[in-house]
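> As a plain string of letters, each chain reads:
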Amino acid sequence: MISAFFIFNQKGEVLISRLYRTDFKRSIADVFRIQVVSNSDVRSPIITLGSTSFFHVRINNLYVVAVTKNNANAALVFEFCYRFINIAKSYFGKIDEESVKNNFVLIYELIDEINDFGYPQNSEIDTLKSYITTESVVSSAIAAEESSKITTQATGATSWRRGDVKYKKNEAFVDVIEIVNLSMSAKGTVLRADVDGHIQMRAYLSGTPECKFGLNDKLVIDKSERGIGDAVELDDCRFHQCVRLNDFDATRTISFIPPDGEFELMRYRSTSNVKLPLRVIPTVNEIGTTQVAYTVTVKANFNNKLSATNVVLRIPTPLNTTTVDCKVATGKAKYVPAENVVVWKIPRIQGGSECTFTGTASLTSTTTRQVWARPPIDVDFQVLMFTASGLIVRFLKVFEKSNYQSVKWVRYLTKASGSYQIRF
Amino acid sequence: MANAGQDAKFFQRGKIEELRAELQAAETKDKKYLKRKTALKKVVANITMGNDMSPLFTDVVQCLGTPLLEIKKMVYLFLVSYGRSKPDQIHLVIPNFLQDCNDRNPLIRALAIRTMSYIPIPVVTDALTEPLRHCLKDRDPYVRKTAAICVVKLYTADPRRAERGGFVEMLRDLMLDSNATVVANAVAALSEIGDRHDGVIFKLNLATANKLLTALGESSELVTLLTFDLLADSVHRWGQIYILDSLLRYVPERHADAELMAERIVVQLQHANSAVVLTTIKALLYLMNYMENRRLIDYCCKKMGPPLVTLLSSGPEVQYVALRNILLIIQRRPAVLKNDVKVFFCKYNDPIYVKLAKLEIMYRLARAENASEVLAELQEYASEVDVDFVRKAVRSIGRLAIKVEESADNCIQALLGLIETKVSYVVQETVIVTKDIFRRYPGKYEGIIPKLCENLDLLDEPESKAAMIWVLGQFSDRIDNSDELLDDLLYTFLDESVEVQLALLTAAVKLFIYKSKSDTTKELVHKVLKWATEDVDNPDLRDRGFMYWRMLAVNPAVAGEIVLAEKPAITTDSDRMDRGALDQLLLHTGTLGSIYHKNPETFIRNAAGKALIDSPALNTHSRAALVPLPRPQLPPAAINIPGPGPSEPRIDEAHISADDTPATESAPPAPPAPSSSNFSKEADISSDHDDGDDDEPPRAADPYSNLDGAFGNYLQDEPRPMAAGNQQANRHGDLDDLLF
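Just so you know, the sequences run in chain order A and B. For the first sequence, our numbering begins at 926 and goes up steadily by one. For the second sequence, our numbering begins at 40 and goes up steadily by one.
It should be emphasised that the hints constitute simulated quantities derived from the structure, not laboratory data. Glycine included, every Cβ here is placed at the ideal spot set by N, Cα and C. Keep in mind that a hint or two might mislead.
Unchecked claim - A few chain B residues facing chain A, derived, Cβ under 10 Å:
#1 46
#2 83
#3 569
What the hints assert, rightly or not - Sample of chain B residues with no beta-carbon within 12 Å of chain A, all distances over it, derived:
#4 44
#5 55
#6 355
#7 363
#8 389
#9 400
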């Protein structure tokens, strides 16, 4: 199990150091500093020296590090680091050197609570917030009763929810967010296209609501109803711990008692019939050794009532580029020498329309005959009210003892960031 | 939502004296204890920065009198850091601890025993024994779950005391607790105790295992029978991992028991936590060894694939863990992901460790049907920036040619294209793999030899040089100017590495046998033999020199027959990682052992080894391949284990290629990645298709399917633990024990 937990800044200074076990001294941190922080070419998130292993996750300007001395469950160690990062974000709004330094006492309290002797313990944010707070608490002031409630929640059946939640207006917001991954070959064939979806829910519901959630999932629809045309095939679904997995397995219904507030209800993956919102057609010609000519066209392949926003194309240029002459009718295109790319930003593309970039990169002559690797063009964008998988929410029902009315809102968003790549 | 703290200002080095003065000043006129809080925060900040704050012991302890929980927690943190070093003063705080152990508030009771058990010195342990006994039976589950972990802390500090005190039995009782979180922690504690060499043996019988499954909270009967508010406690996700992990301590006696259990846990695959998913897969793979029902086994395999692929959308670190495990799983259960090669294509911005792991999986999943897609990807990677990644991509193209006959033509075309780049390391890799292709498809591709010869000047690494020299020697009858080329290469004979020298020696002998009429070759071979036997210190080289010399002197004709004997072509016989070894390694799914593809007891001191346990339900083929548990001790520093070893790559390379140089053609017919030949062949034969669950192409199709096959001898960047005593470790002295 985890023997020690550290947070380092970029200079390798220790911001948090907690030894859960006596098999290390604090100076073990120096080893990590030498092996990872001051090493410019770290080629693994896990480093094992003798019997000691360092697991690290980089986030902003920090290293979150767990050290073990046994055959630790690597997935568990990383999940714990991710979990810590999420808790910190929720408590402090962000996680970086400043927020860690500003809250170091609280962080010690948290990591004492969520990990005991190297074993991760209950780490549901909602529960933690009920007894580890930023306000000063007089120890005798927490009534024993109140604490019993907390402890029951921290160890109990619905560790993710307090029993006494009350809202004037009962509302539930569902956000279906899809990230499209695309890899397209230079010939325009789709090498891989898939969707990582997650359904984010914000539940502001009183009491202990029992929710049922329905999607146009192919397996459900095949089973129950006469053909609703566009059922979606999900390759894999994973759920928040509140969802009853056996129900899902047996009948494909998603039923659960939601945590209070925001949480990720489910994640899914889809690979069939992925609708690619943007089609990019690049033509790139190397003219002799001194020029590269570009024509890049982007077509919006969706309903013309919708539009893609914040579209950013990164079009790579050779390393020895001096200037790029850019011509665009829509948006702005600019050569960024530090990254060797032309960044073309388009605030909005209406469905069905297209825009074109033309440009010429001038190159300095070089003596080395290194071939240009031609990294892919990368596109970031967002399309509201569109799902690349075709998934839609068919219903969300809320049942509660007091039988209140509740309002439900659903939003869809498809986006790409750093994973929508077109080779040329 | 951010109740942003403002504590950064305390984050500065303080002097002991100043801090002491501040703490003492705070004892008077301290409204709302603000002064103490500030002073203590400074102390905690200094502990973090590594300043020794232990001289402040008595001053800090004074603060325990304040009723503020925040202050108490800071003092306790101080005690956890320095308590051990103050055995003579710790008695000062024992009364406070004991008082807290009896607090009405369960959170305080738990905090007290948790903190006490972090200070493993006899004074504290003595005082802890009684309260801990009470807390293990506390009416509050939070206290019980904390107490369960305290037992393992106590056991670590003083195993015999914990046993005498009856704490292990109490933990056993907690396994039947009504609260699932308590059960999970008890299981975690018992597992750790059971893994100790001096610990109590921890095994599960069917009844207990089933009880634990109920604690997973997903038992189907329960869900359908009970409404949600009557639902039995279900355990938090970490607890599920502890419980799933412990299922490997249960040895099924009947097929039906294993099958039922697998059916019950398969649903856990839908969990959002990667550690739950991988641990569930570990348990399923384990149970499959005891299962008979083919359809259920296939069903489980089918269920495992999608969650594994989904792990690839997690953070890169978890992706890496998943990929290294997938590589093992698909060797044992090819059905799991056989149609999914595309998801392993690298993204341009994947971290290098993810790319390298994906590359290996792509190679393993390549078949005739997808070879062209895989080849197109590999060609793409061959033009990337990272040298090591490019090298492995080029190697993979060569390996693909050998593995999938249908793709060989296209692979050769791709390799020829790569030679055109004239990039030194690309060309060198190409030469290395081409040599193997010649051996795999004799008489088919020798036409490209002239192309290779054009680039002799670019070869400056031993492995590629040796490969090229082998080609020159082997085909010297077809290369008109082979004698000239070899003669050129011989100029630097005495400066070359042994690997190259051996290759040159053999090549010269072959040349002579082919062209014994020519005076130049006579001269040439004589020169080399003389060097090898007189001017070189390496005994292998000298001995081989003498051997050739005598053979040629006694009977040149027979010498020719021996040296140019029909080479066993790189056969299509498989030497994939032995099934028994794989079965054993898969018991470590998700752990460090699965990242390095090594059994943990071989690289972690005191790590517990695992082995399948024989039982009437163990299927015959798993039994045939059974690997008994090795002795629980770390072998001496220089370990020589089959597979990508922890030793330095250089040594390994030299070692392996010495076996593999052309000169030993008469040696065993091992294909170029020979390390796994150490595995027993008998097991291999019997394991074939036995239980039919290996829905795979005949093994014969993949000569490189052994564990370390994908990149051959090229071990750069191979994930491996750094053994104590290697260069990096040496900088810090004895790193095997990083106790500073």
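> Against each hint, give a clear statement of whether it holds in the structure.
Hints and how they fare:
no.	hint	in the structure
1	46	5 Å, holds
2	83	6 Å, holds
3	569	41 Å, violated
4	44	4 Å, violated
5	55	17 Å, holds
6	355	7 Å, violated
7	363	8 Å, violated
8	389	10 Å, violated
9	400	14 Å, holds
Figure legend: structure checked against the earlier numbered hints; hints not met, in rising order: 3, 4, 6, 7, 8.
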